[in-house]
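Undergrad: Protein chains in written order, with my numbering: chain B, 1 to 431; chain P, 1001 to 1385.
Source of the hints: derived by calculation from the structure; they are not laboratory data. Here the structure is a predicted model, which means the values were calculated and not measured. Be careful, since some hints might not be right.
The calculated lysine-lysine pairs, modelled on DSS-like cross-linking and capped at a C-alpha distance of 25 Å, are [as the list claims (entries may be wrong)]: (1) Lys1021(P) / Lys1099(P); (2) Lys1208(P) / Lys338(B); (3) Lys1358(P) / Lys1335(P); (4) Lys379(B) / Lys1335(P); (5) Lys165(B) / Lys1099(P); (6) Lys111(B) / Lys338(B); (7) Lys338(B) / Lys1021(P); (8) Lys65(B) / Lys1335(P); (9) Lys1002(P) / Lys379(B); (10) Lys1002(P) / Lys1358(P); (11) Lys65(B) / Lys379(B); (12) Lys41(B) / Lys1358(P); (13) Lys65(B) / Lys1021(P); (14) Lys338(B) / Lys1002(P); (15) Lys1067(P) / Lys165(B); (16) Lys1021(P) / Lys1335(P); (17) Lys1067(P) / Lys379(B); (18) Lys1067(P) / Lys1208(P); (19) Lys252(B) / Lys107(B); (20) Lys1021(P) / Lys1002(P).
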Amino acid sequence: MDPFEDTLRRLREAFHTGRTRSAEFRAAQLRGLGRFLQENKQLLHDALAQDLHKATQLDSAFIRKEPFGLVLIIAPWNYPLNLTLVPLVGALAAGNCVVLKPSEISKSIEKVLAEVLPRYLDESCFAVVLGGPQETGQLLEHRFDYIFFTGSPRVGRIVMTAAAKHLTPVTLELGGKNPCYVDDNCDPQTVANRVAWFRYFNAGQTCVAPDYVLCSPEMQERLLPALQSTITRFYGDDPQSSPNLGRIINQKQFQRLRALLGCGHVAIGGQSDESDRYIAPTVLVDVQETEPVMQEEIFGPILPILNVRSVDEAIEFINRREKPLALYAFSNSSQVVKRVLTQTSSGGFCGNDGFMHMTLASLPFGGVGASGVGRYHGKFSFDTFSHHRACLLRRPGMEKLNALRYPPHSPRRLRVLLVAMEARGCSCTLL
Amino acid sequence: MKDEPGSTNLFMKLDSVFIRKEPFGLVLIIAPWNYPVNLVLVPLVGALAAGNCVVLKPSEISQGTEKVLAEVLPQYLDQSCFAVVLGGPQETGQLLEHKFDYIFFTGSPRVGRIVMTAAAKHLTPVTLELGGKNPCYVDDNCDPQTVANRVAWFRYFNAGQTCVAPDYVLCSPEMQERLLPALQSTITRFYGDDPQSSPNLGRIINQKQFQRLRALLGCGHVAIGGQSDESDRYIAPTVLVDVQETEPVMQEEIFGPILPIVNVRSVDEAIEFINRREKPLALYAFSNSSQVVNQVLERTSSGGFAGNDGFLYVSLLSVPLGGVGHSGMGRYHGKFTFDTFSHHRTCMLTPSGLEKLKEIRYPPYTNWNQQLLRWGMGSNSCTLL
């Protein structure tokens, strides 16, 4: 019998109603806390005295950013250069020593990173280690001062569990199924251009690509021919011969994706070529939520369309599932876009476009919930790989001024202390 | 709460780009017994201000406070969004099997590992405010009485049950000679000739902790204090000398009114000693020479640092409180608490029209449009490859 089940469910449900979101609600809660403290001073005092015999009555400051020490970066295969170098830049800039574990799946880049990159860095502070899942498991038994992992949620759990043994902080850049809501009030061709570009880029092997579309049956009618038109425009009549379309990384992924082509019905594309690890830019319709294509992150050039009858139904659908890394909403109405934004959560969000938000170095990039922990890019990388150490440097003299805080305390002196501390903006009692 | 705007590149001038701070959802706060009101309420304020629903698990060890928090506090809050749950280690373990959207834990490193391991199963982000042995280096170039006042105040406050209190002193034998009478003088000034009767000295929380501390009194030699009273859970403000690194008092966080002094011959030896051990939550250096203080600061790492004083910095809202290594991860206080309990969501709102402007990025590619793309993304470029 789990005594917590009901309570937790109740609170979760309350959260989903959006109750805690407004500033008014939060202010009311905080005022309640304030009254609690005010109205129960004696009660709290007695309780503290009972527990701990507490007495009633309590220069240059700065934050120093220091390296953690030995950082491990585990990189994936889909953007093997970018997703290695961008965290590496942050880790090095922050002054850490780095162990890099590139993906063994993107073998050619792995070779270059292992053989060439170290020559450009001070090798006493940088190393590349190689291996598959077993070697990575062994690596993770060691103690690191920070671990930065990009990959699947399943492996993210393994990494965080290993990190927990050493109390090592982590950033996990994971994934999920990124929903793409397409409102009726849209220009289908514009939407098709934008969605297709971000979906089929790198043959769909992008953690922030739109994973599936939510729209009404009417919108679907208009979207399909527009998508076909876009695909032909981008990749020609024979996409397999286009120089602008990528391939699937390996056989294992190819087989997985080819099996997904059997879900729902193929409306566009659907061709594949095993010898080339080629999968055509594909759109699926009549897809059920229970089918495999809606159960796992697709990570390929396949775009399922699911029907909803309204933006509310779309939002409800999205919120029933894990929080994604990215979320997209297309509408001519900025109100609809804002509604999707405010009533959902995700790592990042873009209205009326694809993952442009992650190309800006001024903005952080990271997930939430099952899509990840922590963030980076630009200055945020530096901050991620730094320990922010609070420092206070005081003068060794002027002891008379400090005398105020020393016991024995009189009520008058306590009052003066409190006033002095409040003036400095400290309103949390030391009790 | 307000969205923070972000800077854009040339291609995005028509877009609205900002960071939106959103609540995580259901937050669990596990609080300790040593500052049972403060270490509950300060995180709670941040979690509520950030718009989360909160489950609070106060310490079962500070029973008086636990009762007030469980029975009275909910009356002041909206109970559909706030709950207090009670229990010991077993119930807490059961609680941790559930999925939370954030877990904020204050306590020991040992339990911190358990919390993070449980959180990992659900990919739940955590802040762990842990502890360690906070070193306190005292240079020869010091006024002993000033140092004694400052160190003693922060060590014996709350009967030493403070995660950021100076845990042990590192100084030369010469400095120790001068420090001991100064410490005795300070202790008498603060607590009188009979500290047990002073209203300004706390007590040990329970028998278990009391027994643990009383055993530590046997390490090295007692230079000051050393008395204890089981019926009162009282331990006198104590200073130990001739302590070996291998003795229990130097192996665990003391968390009581006992201050061991360990001798070093120079600041370099002190720094080496400190760096051989786990990174502490707080680190202190006392010297009239700011160069010496800066040296200790620059050659060590810790959650926080204070030169020539104790943990006053935790009362400043402008700097965060948090550990590093075994002393913790994450940070809070003031605005940092709000940020800790918020997910920072990067958002971009693009106009739905003006498709002609976007065309430049679509395949098929020519040399010309690739060049234009690169130029436009300019100094904000991170390659998409």
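Undergrad: Give a verdict on every hint.
TA: Comparing the hints with the structure gives:
no., hint, result
1, Lys1021(P) / Lys1099(P), "21 Å, holds"
2, Lys1208(P) / Lys338(B), "56 Å, violated"
3, Lys1358(P) / Lys1335(P), "39 Å, violated"
4, Lys379(B) / Lys1335(P), "19 Å, holds"
5, Lys165(B) / Lys1099(P), "20 Å, holds"
6, Lys111(B) / Lys338(B), "45 Å, violated"
7, Lys338(B) / Lys1021(P), "15 Å, holds"
8, Lys65(B) / Lys1335(P), "18 Å, holds"
9, Lys1002(P) / Lys379(B), "21 Å, holds"
10, Lys1002(P) / Lys1358(P), "29 Å, violated"
11, Lys65(B) / Lys379(B), "12 Å, holds"
12, Lys41(B) / Lys1358(P), "62 Å, violated"
13, Lys65(B) / Lys1021(P), "23 Å, holds"
14, Lys338(B) / Lys1002(P), "15 Å, holds"
15, Lys1067(P) / Lys165(B), "33 Å, violated"
16, Lys1021(P) / Lys1335(P), "12 Å, holds"
17, Lys1067(P) / Lys379(B), "45 Å, violated"
18, Lys1067(P) / Lys1208(P), "21 Å, holds"
19, Lys252(B) / Lys107(B), "15 Å, holds"
20, Lys1021(P) / Lys1002(P), "7 Å, holds"
Of the numbered hints listed earlier, those contradicted by the structure are 2, 3, 6, 10, 12, 15 and 17.
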